[in-house]
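The sequence shown begins at 1 in UniProt numbering and counts up one residue at a time.
Simulated from the structure, these hints should not be mistaken for lab results. One or more of the hints may lead you astray.
Quick list of simulated restraints, FRET-style, between CB atoms [claimed, not checked]:
#1 Gly133 - Ala180: 28 to 34 Å
#2 Gly133 - Lys71: 32 to 38 Å
#3 Lys172 - Gly133: 19 to 25 Å
#4 Pro165 - Ser137: 18 to 24 Å
#5 Gly98 - Arg169: 26 to 32 Å
#6 Ala152 - Arg173: 22 to 28 Å
#7 Lys177 - Arg139: 30 to 36 Å
#8 Gly267 - Ser136: 46 to 52 Å
#9 Pro165 - Pro209: 19 to 25 Å
#10 Asp204 - Gly131: 21 to 27 Å
#11 Ser252 - Lys177: 26 to 32 Å
#12 Arg173 - Asp215: 19 to 25 Å
We put the CB at the ideal spot given by N, CA and C, even for glycine.
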Amino acid sequence: MVKGVGEPRRGAATGRVAASYRAVAGIGAVALVGALLTGAPAAAAAPVGTLNPATSTASAGESSDSEAAAKRLADRIRATLGSRAGQVSVVVHDRKSGTTVTHNGSLRVETASIVKVMILVAVIDHRRANGSGLTSSDRALARKMIRVSDNAAASTLLGRAGGKPALDRLAKRLGMKHTATSWSWGLTRTSAADQVRLVDAILDGKALPRDSDRDYVLGLMGDVVEEQAWGVGSVPASASAQVKNGWLPRGSTGWRINSIGHVSGSGRDYTMAMLSTRGRSMGSGVATLDRVSEVVFAGVTALGSEQGGTATNASAPMHATALADGEQPSAIPAGAPAWFDRPGTAFRPYPTR
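Let the sequences and hints guide you as you build the complete structure.
Following this line, the structure appears as structure tokens:
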């Protein structure tokens with residue numbers, strides 16, 4: 001059974017990580033970290049997504065009630081984002097009703113570590129095409145890559161899958177028309193709609209036809225370390241979530257804070273992606289996505305599922321954490337939490353096979 005990541009966290013882990021984040025943020029190292037991550041001066045950051053005036057839309061089935069509920073949820077998302085409405089893109093697909101709610105769908109953002117889900121699917125594709133499955137080494141690396149967001153593991157696995165062309169082929173096969181790979185996997189640019197398409201394709205067997213492969217990927221996404229289970233994973237204990245998050249400082253253009261995944265249980269079954277740009281800090285970006293996740297969890301049951309009714313606020317405890325960046329530089333800042341220190345340099349160029 002896939003583990004629910006929304007259950008109450010052990011002990012005082014959230015407080016410890018929040019304190020560590022404040023220590024990291026206090027050294028004023030965001031610009032330096034961004035430069036170290038990309039191998040270029042912070043000022044040379046790639047252009048951010050076009051910040052058009054944010055719009056919220058909803059597509060529903062035949063029910064006018066569902067359409068009205070979808071519009072209410074889109075409006076609530078926009079209101080929750082407030083002044084950041086133009087810097088955050090949200091897409092929610094309610095798998096029960098077929099309704100899709102979109103906020104600011106035109107935004108394109110660097111993936112950071114959410115692309116690791118694509119990398120895992122690509123390496124499984126490669127192994128199956130050659131008549132085998134994942135090796136024990138592949139599995140050990142995949143566990144590191146998804147559960148603790150290990151970058152060296154991601155680079156190694158992508159090399160085994162065939163590098164950048166493997167991601168290009170996967171994006172084309174799944175119809176991810178707004179996803180463009182980069183010389184560095186973490187700088188792949190994407191849309192929230194494409195990321196929802198990816199997660200839906202995993203769930204539906206389109207990305208991975210074998211049930212065992214699908215369950216393996218979802219199992220890892222349902223077992224990420226607690227410090228990285230925010231965003232889509234910020235759900236009550238009564239629900240389960242499979243999630244992968246990404247976070248990246250980009251110098252003067254701020255933080256990219258992204259979250260993708262699937263939520264089920266408590267009458268819910270939805271996929272969701274949240275992409276954000278120009279965040280002033282890691283902590284504020286995570287808090288923003290957590291608030292949106294809470295709004296969606298509360299409102300999605302009114303989109304035409306069996307429960308129906310109007311959106312109500314979920315009362316169970318939510319998981320919200322302010323975190324230091326997991327896309328680590330070569331030098332670990334003082335006060336960083338234990339999980340911050342992972343082998344390898346973030347966003348290395350694609351390795352040769």
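| message | I want to verify a distance hint. Is the separation of the beta carbons of Ala152 and Arg173 within 22 to 28 Å? | response | holds (27 Å)
| request: Could you tell me whether the CB distance from Arg173 to Asp215 stays inside 19 to 25 Å? | output: holds (20 Å)
| task | For Asp204 and Gly131, compare the CB-CB distance with the range 21 to 27 Å and indicate the outcome. | result | holds (24 Å)
| task | With 28 to 34 Å as the target window, see if Gly133 and Ala180 comply at their CB atoms. | result | holds (30 Å)
| message | Quick check: does the Cβ-Cβ distance between Pro165 and Pro209 fall within 19 to 25 Å? | response | holds (21 Å)
| Is it true that Gly267 and Ser136 lie within 46 to 52 Å of each other by Cβ? | Given range 46 to 52 Å: violated, Cβ gap about 39 Å.
| When you take the CB atoms of Gly133 and Lys71, is the distance between them in 32 to 38 Å? | violated (45 Å)
| Can the suggested window of 26 to 32 Å be confirmed for the beta-carbon pair Ser252 and Lys177? | Because 30 Å falls inside the window, the suggested range holds.
| task | For the range 26 to 32 Å, tell me whether the beta carbons of Gly98 and Arg169 fit it or not. | result | Holds, at about 28 Å.
| request: Return holds or violated for the Cβ distance of Lys172 and Gly133 against the range 19 to 25 Å. | output: At 23 Å between Cβs, range holds.
| query | So does Pro165 sit 18 to 24 Å from Ser137, Cβ to Cβ? | reply | Holds - the Cβ-Cβ distance for Pro165 and Ser137, about 22 Å, lies within 18 to 24 Å.
| Quick one: are Lys177 and Arg139 within 30 to 36 Å, going by C-beta? | holds (31 Å)
In summary, the structure is inconsistent with hints 2, 8 from the numbered list given earlier, while agreeing with the others.
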